[in-house]
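Undergrad: These protein sequence lines are chains A and B, in that order. The first sequence begins at 1056 in the working numbering and counts up by one. The second sequence begins at 1056 in the working numbering and counts up by one.
To be clear, the hints were calculated from the coordinates, so they are not data collected in a lab. A few of these clues could be false.
[What the hints assert, rightly or not] Going by beta-carbon spacing under 7 Å, a handful of chain A positions derived as facing chain B:
hint	residue
1	His1168
2	Ile1194
3	Leu1195
4	Ser1218
5	Leu1221
6	Ile1224
7	Val1228
8	Glu1231
9	Glu1236
No residue lacks a Cβ here, since even glycine has one placed at the ideal position from N, Cα and C.
2 protein chains.
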Amino acid sequence: MNAPATEATVLEPLAGVARQVGSLDLADQLLAMRQWMATDLKQLEEQLCQLDGLSKEPESAKAAAQYLLESGGKRVRPLIVLLASRLGQPVARRDVRDLAVTCELIHAATLLHDDVIDEGDERRGQPTARRVYTNSASILGGDHLLIEALRLVQRSGQPQLLSSLLDTISEIVTAEALQLEWRGRFEPDRSLYMKVIRGKTAVLFRWGFEAGATLAGLSEDQVESLKQAGMALGEAFQLIDDVLDLEGESTQTGKALFTDLREGKLTWPLILAAEQVDGFVDQVRSCMSDQSGLDSQSAVVQTLRRCGALDATRQLAAERVGFAQACVKTLPPGQARDALELLARTVVERKG
Amino acid sequence: MNAPATEATVLEPLAGVARQVGSLDLADQLLAMRQWMATDLKQLEEQLCQLDGLSKEPESAKAAAQYLLESGGKRVRPLIVLLASRLGQPVARRDVRDLAVTCELIHAATLLHDDVIDEGDERRGQPTARRVYTNSASILGGDHLLIEALRLVQRSGQPQLLSSLLDTISEIVTAEALQLEWRGRFEPDRSLYMKVIRGKTAVLFRWGFEAGATLAGLSEDQVESLKQAGMALGEAFQLIDDVLDLEGESTQTGKALFTDLREGKLTWPLILAAEQVDGFVDQVRSCMSDQSGLDSQSAVVQTLRRCGALDATRQLAAERVGFAQACVKTLPPGQARDALELLARTVVERKG
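Please model the complete structure; the sequences and the hints are all you need to start from.
TA: Next up, the structure:
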């Protein structure tokens, strides 16, 4: 079992990153935001790590779920709920935390199933739950978290949020099925890529904004605007993930470099390069074979750099973040709005 | 893809069984019930086989889900919803069908995950979905059906049924986790066994009664009484499954004889024998090894017959069915009540 996480897990690493890249103002702002949110963040971690029913019966399925939840992670999704909920009228913090926890549980549930489907060995710098507790435990652990998350929303007394969460999960599962269908055969296709990342990542960011904004009693237009911010931010988040797979530091990302590349996962830089560089598709496909070594993978990254695909991907992510920030800017000014704009900025500047 | 099922899948096999065992009156009554329910049953099958979103995108995950739904099955759970809904005031059939479909989808979702967890190769006389479409497709197909089922209940506008369904699924997952924990080590334990079968089987029968009875506008006491009937009937159903694993006809049960025994699954006859016969636990454990042949398995069945464990299990199932029938009898007389009593009887008399 990991050491219990504290509120430090959420914003401190981001501040650390900001310091590394020389954004001292960003680092300071993030630390200030952490202080402002301290109680919420601390209680979020406590609730995640002491989920009802998890600690009581330490079966392998529940242990697998607990292991993943305690392995940290960036907690971006619950942070969105917490911040969006501060944009309007005061809300009972308990209700907000329940929905913030929901967001992280849904995310964790999909990871537990994904790792079985993708045969993932490492996540967040540690062996995956399925490696520690078996595939079966990871499947059932995911089922457990999914249902616990839905129960939290049911208890929140916001039936429209339950409806939209069910729709959201349906989109997530559909995107995962689509990704499964295309796994291992690299077919550069922008529209397919966008469908997958919207379903796998962006819709849950959108729901996080919707949940917080609904609790805060914002108007329909305001909620809609924030939902658009969520979609754009989720897309940017995934685009940066694509870049980090190709030139990130595995000590910061918590996963081995070139994992997506070796699995033949469709990523944006690869699509851009395939559109520009003759023979690139074959180059990528040869990376997917077991025999391929680090040399052929590095050669792919060289091509990506040379043709500008990595910069163009970062650029697109920055544009999506800019759009998200513009959506957030339609809300009344204040500390919560500033914090959301700041969070959006960290999505493109992050290194892990 | 299988041939599309018709309304015949539900009650006709039961009538066939009744005829085989010489219960001609039961066979006639079942066929009469089928006629009485014909439209509902036909539409139930249509809705199950043309589930929203399944046919449109034939990805392997959705194909796996569709494959399982079209493989037939006894449809006992939806039948409970349909019949219970006829015990009170008239209800829109569309609403009833949605909840009947829900019950079957939840059941199918758990089977898709179970078959991956248990590495099951055959179900309903056919290769399991995971064998045809991969483990990954079976996991995602299960996730898909689970969410579709919850969306149906959400749309039914009965929030208390959604709450109780979430609680029910939570109990199912907990029971599966418990079973996983004890898999492969045969530890005869009555209380553990009861926990597992209540969670794995009985609670969904209970929810089926609750859903039908709630739609029919029955009183709180009546709903409670029917929920108890559901628990008892579900327990009886599982007890008979235990017997069929040991002396059923695989052509009728759709699964190979001694599957539970080889997997070291805790079943009631084995527990009873372990309490009475010296050395029986070791005898069972040796059956669980890969080297064990049909001879050692048949020897176990001989012991079970000799010590009366199979008869005692059938007897306990009959008692549970008697209790369920007594609960149903507290409702006002009528065709629906008769049909539910009849359905309860088929649970103990079934051969598959």
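Undergrad: Now tell me if each hint is right for this structure.
TA: Tested hints:
| no. | hint | verdict |
| --- | --- | --- |
| 1 | His1168 | holds, 6 Å |
| 2 | Ile1194 | holds, 6 Å |
| 3 | Leu1195 | holds, 5 Å |
| 4 | Ser1218 | holds, 6 Å |
| 5 | Leu1221 | holds, 5 Å |
| 6 | Ile1224 | holds, 5 Å |
| 7 | Val1228 | holds, 5 Å |
| 8 | Glu1231 | holds, 6 Å |
| 9 | Glu1236 | holds, 5 Å |
Every hint, counting from the list given before, is met by this structure.
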